[in-house]
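Residue numbers (our numbering): 8 to 464.
Note that these hints are calculated values from the structure, not bench results.
Please note that a few of the clues may not be correct.
Derived DSS-like pairs (lysine-lysine); straight-line CA-CA distance at most 30 Å [claimed, not checked]:
#1 125 to 173
#2 87 to 169
#3 169 to 84
Label pairs and their calculated CB-CB ranges [claimed, not checked]:
#4 273 to 188: 47 to 57 Å
#5 89 to 167: 18 to 28 Å
#6 273 to 108: 42 to 52 Å
#7 109 to 282: 32 to 42 Å
#8 106 to 167: 49 to 59 Å
#9 279 to 420: 44 to 54 Å
#10 105 to 167: 49 to 59 Å
#11 89 to 189: 11 to 21 Å
#12 50 to 110: 19 to 29 Å
#13 20 to 279: 41 to 51 Å
On a predicted model such as this, the values are computed, not experimentally measured, just so you know.
Glycine included, each C-beta is placed from N, C-alpha and C at the ideal position.
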Amino acid sequence: MSNTQYAVCHLQRGSGNDSGMSCHIERKDTKGKIYVPVNANADRTHLNRELVRFPEGVSNRTEAIQHRIDTAGLRRKVGKNQTKAIRIILTGTHEQMMKIANDDRLDSWIDANLKWLKGTFGEENLVSCVLHMDEKTPHLHATIVPIVTGERIRRKREGERKYETKSGPRLSADDVMRRTKLHEYQNSYAAAMKPFGLQRGIVGSTAKHQANSEYYRQQVIQYEEDIAKLQVDVEKAQEGRSTILAWFGKGDLAKAKKELADKDGQIAELNRQIKALQAEKIRLREQHKSEIRKLRNGYQVEIDKAIRRAETAERQSEEKDAVIDRQRKLIDRLDRMANPQRYSLSSGAELVRINVSNYRNPSLHIWTRVGEELFEDTKFQIDYDMAQRHFNGQITDEEFVNAVFEPQEQVSGKQAELLGAAFTLAAGGPAEVHVGTGSGGSSSNLPWREQKKGNRR
DNA sequence: GGGTCTCGACGCGAGATTTT
DNA sequence: AAAATCTCGCGTCGAGACCC
8 MSNTQYAVCH
18 LQRGSGNDSG
28 MSCHIERKDT
38 KGKIYVPVNA
48 NADRTHLNRE
58 LVRFPEGVSN
68 RTEAIQHRID
78 TAGLRRKVGK
88 NQTKAIRIIL
98 TGTHEQMMKI
108 ANDDRLDSWI
118 DANLKWLKGT
128 FGEENLVSCV
138 LHMDEKTPHL
148 HATIVPIVTG
158 ERIRRKREGE
168 RKYETKSGPR
178 LSADDVMRRT
188 KLHEYQNSYA
198 AAMKPFGLQR
208 GIVGSTAKHQ
218 ANSEYYRQQV
228 IQYEEDIAKL
238 QVDVEKAQEG
248 RSTILAWFGK
258 GDLAKAKKEL
268 ADKDGQIAEL
278 NRQIKALQAE
288 KIRLREQHKS
298 EIRKLRNGYQ
308 VEIDKAIRRA
318 ETAERQSEEK
328 DAVIDRQRKL
338 IDRLDRMANP
348 QRYSLSSGAE
358 LVRINVSNYR
368 NPSLHIWTRV
378 GEELFEDTKF
388 QIDYDMAQRH
398 FNGQITDEEF
408 VNAVFEPQEQ
418 VSGKQAELLG
428 AAFTLAAGGP
438 AEVHVGTGSG
448 GSSSNLPWRE
458 QKKGNRR
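Based on the sequences and whatever the hints tell you, model everything.
Next up, the structure:
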């Protein structure tokens with residue numbers, strides 16, 4: 008879980024003279040009557056503060072915008088469709104903003120914000136700045152009149168001028184809100200907010216001003232990052248597995264088996280952590296479902312994206328599990344081919360299945376078959392260490408049974424007879440009870456193994 | 001006064017980049 | 001590899017400015 012606290016700086020073009028927003032910011036309707044929106048707490052409205060002094064003869068934000076336009080010395084009449092003001096909302100993650108307020112640092116936070124606004128957009132262009140304390144998170148509403156002095160960005164591509172135009176300040180929201188400039192604002196604002204424990208948000212974020220959703224969004228992104236990190240760990244563990252497989256190739260089987268078991272443990276633990284994160288993410292999503300439903304903006308897209316990515320990560324994790332499973336089967340198959348003696352009973356019978364009731368106080372129950380003849384037997388109080396070796400995968404079922412049961416104990420009388428007859432037919436001599444070298448019989452073993460599938464660990 | 005130019009806003013689309 | 005998304009430059013539009 009993340010403790011990252013983000014600085015929030017959101018710019019938006021105002022439409023017309025932006026008087027609608029003036030009402031919201033100043034908590035007054037168009038006739039100057041006090042009005043508090045539903046999401047604000049009227050008991051706290053008195054804590055709101057106007058931070059920029061209006062010029063002489065100017066009494067509100069709308070007039071302040073017009074005053075700046077009138078006195079800027081613009082060389083061109085302002086068009087009907089031009090943006091006259093840019094609204095800027097400045098805040099941070101709810102938790103950190105509350106901490107700043109509770110630590111009595113709100114005034115210095117405000118000073119730093121005013122300094123940044125004036126330095127970035129020009130003191131004259133900052134016509135209004137209001138602190139809101141009556142909504143969930145303390146925040147500032149700043150108003151900028153986008154008056155710039157530089158040359159138009161597209162001037163160059165338009166080529167030679169045919170008319171002489173006056174030079175001087177221009178009103179251009181396009182210029183102020185150019186992509187490169189927005190980038191610069193985010194960077195410099197984050198730098199200015201660093202002393203307050205706030206950092207830059209995700210580049211490219213479309214996040215809007217809504218503390219709860221901001222928190223939720225960050226959580227989802229954090230889960231996604233954590234899951235991605237775990238995925239990398241799983242991959243590393245996988246690489247380790249390859250090394251182990253190489254040991255196996257060199258014949259160091261016991262070492263390979265042991266290491267393999269460790270790696271499987273690691274991978275299982277990582278997968279468990281991934282699953283836990285997925286579950287936490289889903290829980291969070293449920294918790295915020297009703298809130299999310301209300302959001303029909305860029306947030307929704309971003310959250311969905313994060314969730315999609317997380318789900319993909321989960322899918323990939325499952326695919327990796329399948330790879331591990333396939334590798335395990337491959338090891339098993341190779342081991343059977345390289346060491347057939349590890350997979351046959353000393354009696355020559357087929358081991359149908361075994362059952363160990365309890366590895367702490369172990370007993371071994373076996374089922375064997377020769378042709379159609381079935382047999383079962385149980386031994387109690389068997390050797391603890393041997394049972395543990397079986398439990399750890401160091402010995403096969405057959406090796407375990409051979410260690411516990413003598414050859415004659417593995418079969419019934421009838422089975423023994425059949426075994427004798429079968430060996431006589433196949434090899435022209437009496438039955439060889441124990442096959443210790445692994446030099447033969449491997450191909451005839453295969454159909455048995457097929458039959459045993461599903462009955463064994 | 002009318003034709004043409006300039007300006008800012010907006011949207012399109014080709015190419016680049018990222019995701020599936 | 002294909003689809004989706006992002007970037008960035010450019011064209012167009014409406015409105016104001018300039019010039020004859």
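So, going through the hints one by one against the coordinates:
Restraint check for residue 125 and residue 173: satisfied, since their Cα atoms lie roughly 27 Å apart, inside the 30 Å limit. Between the alpha carbons of residue 87 and residue 169 the distance comes to roughly 25 Å, so the proposed pair stays at or under 30 Å and holds. For the given pair, residue 169 sits about 20 Å from residue 84 by alpha-carbon distance, which is consistent with the 30 Å threshold. In this structure, residue 273 and residue 188 meet the distance hint of 47 to 57 Å, their C-beta atoms being roughly 48 Å apart.
Between residue 89 and residue 167 the beta carbons are some 26 Å apart, a value that agrees with the proposed interval 18 to 28 Å. The hinted range of 42 to 52 Å is satisfied by residue 273 and residue 108, whose Cβ atoms lie roughly 45 Å apart. Between residue 109 and residue 282, the C-beta spacing of about 37 Å keeps the proposed range 32 to 42 Å intact. For the pair residue 106 and residue 167, the beta carbons lie near 58 Å from each other, so the given range of 49 to 59 Å is met.
Hint check: residue 279 to residue 420, Cβ distance near 50 Å, so the stated range 44 to 54 Å holds. Evaluation of the 49 to 59 Å hint for residue 105 and residue 167 yields a pass: the beta carbon distance comes to about 58 Å. Residue 89 and residue 189 have their C-beta atoms about 19 Å apart, which keeps the hinted 11 to 21 Å range intact. The supplied range of 19 to 29 Å is met by residue 50 and residue 110, whose beta-carbon atoms lie about 22 Å from each other.
With their beta carbons about 49 Å apart, residue 20 and residue 279 fall inside the hinted range of 41 to 51 Å.
Violated hints: none; the structure is consistent with every hint.
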